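Asks: Here the structure of chain S is known, so what remains is to put chains P and B in place on it, guided by the hints.
Single-letter residue listing:
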Amino acid sequence: MKVHTDEIRLETEGFCDIRDVSAEVGRVVADSGIRTGLVCVGCPGSTTGVTTIEFEPGAVADLKRALESLAPEKGRYDHNATWGDGNGFAHLRSALVGTSRTFPVRDGAPALGTWQQVVFLDFDNRSRRRTVIVTVMGDSE
Amino acid sequence: MKVHTDEIRLETEGFCDIRDVSAEVGRVVADSGIRTGLVCVGCPGSTTGVTTIEFEPGAVADLKRALESLAPEKGRYDHNATWGDGNGFAHLRSALVGTSRTFPVRDGAPALGTWQQVVFLDFDNRSRRRTVIVTVMGDSE
Amino acid sequence: MKVHTDEIRLETEGFCDIRDVSAEVGRVVADSGIRTGLVCVGCPGSTTGVTTIEFEPGAVADLKRALESLAPEKGRYDHNATWGDGNGFAHLRSALVGTSRTFPVRDGAPALGTWQQVVFLDFDNRSRRRTVIVTVMGDSE
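Protein chains in written order, with our numbering: chain S, 2 to 142; chain P, 2 to 142; chain B, 2 to 142.
Any given hint could be a false lead.
A pair counts as met if it fits within one copy or between any two copies, since identical chains are not told apart.
[As the list claims (entries may be wrong)] Dumping the calculated DMTMM-like pairs for lysine to aspartate or glutamate here, alpha-carbon to alpha-carbon at most 25 Å:
1) Lys75 <-> Asp86
2) Lys65 <-> Asp21
3) Lys75 <-> Glu14
4) Lys65 <-> Asp86
5) Lys75 <-> Glu25
6) Lys3 <-> Asp79
7) Lys65 <-> Glu25
By construction, these hints were calculated from the structure, which means they are not laboratory data. Remember, predicted model here, so these are calculated numbers, not experimental data.
Here chain S stands alone, though its shape is the one from the complex:
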């Protein structure tokens, strides 16, 4: 049993910028030498998100539209009234989507579907530098 961790550095545009990080996650799992176990993909922050989707422009646009419906960018938020930073929608989206996801690792790779990509979402209302942490745990046999 061992643990291996690495980072993915991203510069995002904010405003629901959705990035496919599957290749990087797969590389970290491969680098770990771990064959069977778990991989957690998580990004510290109160305006970040991690999930999976078929990363093609149509499905990505559908997800953005659904998040805009759940937590509209121009909605009224108590967070904004208090802090004046205008990103209440981003905090809410992050709380609903979650900032990390954990997947099985099998045969030395994340167990994902053919059309399933791991995506990082930046909900904030400005460009940001983000560090996504990939943690792999398991057996190398």
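Replies: What follows is chains P and B alone, placed relative to chain S:
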């Protein structure tokens, strides 16, 4: 510390077919001999979901209705416009619900509430064969 | 590699009572001596939730309002029609938010953002005693 993994094979009807997999998850944890740690229940795929609910017909119907409201089967999706496969609602539901969940393991069993069942959800718009992966990690003492 | 587990005991008011458990989670990680790995925060139950948010009154009120919109307390639920316990909204919220979240551990602490707190949510329609389980797994080097 060790890791143990097994599969649950399901044939589903699609269209938000919700299946209680708690007994199988409990069996895999028992088989592992692990007493303290974590169990991850995840299903590869871009139209799958895993969560927990009280698995009784009323609560299950309520969850189906809420998902239909969040991502209506007959809604307009860019994914459908591009690919013509008509399952844009399924991709969206999967991205929002998530394809895996991780639970504590205590005293050799998943730490779940009395009325809390682990469920697999098939959001796709056709019947599917699915493989849910159960990964247990921890100590056997 | 090792696993360490501890509990956080809470007495809640129900009705979307949201509690910041970050300090307790950080303490369990520190107690574990684990420097690199994962921490899972999970609460058994079919009317519980765990997520992260900036724990300030505005953002917390925004989250409560969004959950009331997704699953209104006074809505019509098949669960209520069957069981008469009136907490169908709580079961639905729990299924949508999830009862556990897993975060990276780095340098002996949960890898969270400056404004990101781990919160426990009690969705039930009465006061409850809850036990949140914190499970830390990884390397102490």
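Asks: Each of the hints needs a verdict: does it hold here or not?
Replies: Going through the hints against the structure:
Within a single copy, lysine 75 and aspartate 86 get their C-alpha atoms as close as 13 Å, which meets the 25 Å cut-off; across copies the closest is 33 Å, which misses it. Proximity of lysine 65 and aspartate 21 under a CA criterion of 25 Å is satisfied intra-copy only: 14 Å inside one chain copy versus 29 Å between copies. Proximity of lysine 75 to glutamate 14 under the C-alpha cut-off of 25 Å is restricted to the intra-copy arrangement: shortest distance 18 Å within a copy versus 32 Å between copies. Taking the closest pair of Cα atoms, lysine 65 and aspartate 86 come within 25 Å of each other both inside a single copy (21 Å) and across two copies (20 Å).
Taking identical chains as interchangeable, the C-alpha atoms of lysine 75 and glutamate 25 are never at most 25 Å apart, the minima being 33 Å within one chain and 35 Å between chains. Proximity of lysine 3 and aspartate 79 under a CA criterion of 25 Å is satisfied in neither setting, with 44 Å inside one chain copy and 42 Å between copies. For the homomeric pair lysine 65 and glutamate 25, the shortest alpha-carbon distance inside one copy (23 Å) is at most 25 Å, but the shortest distance between copies (34 Å) is not.
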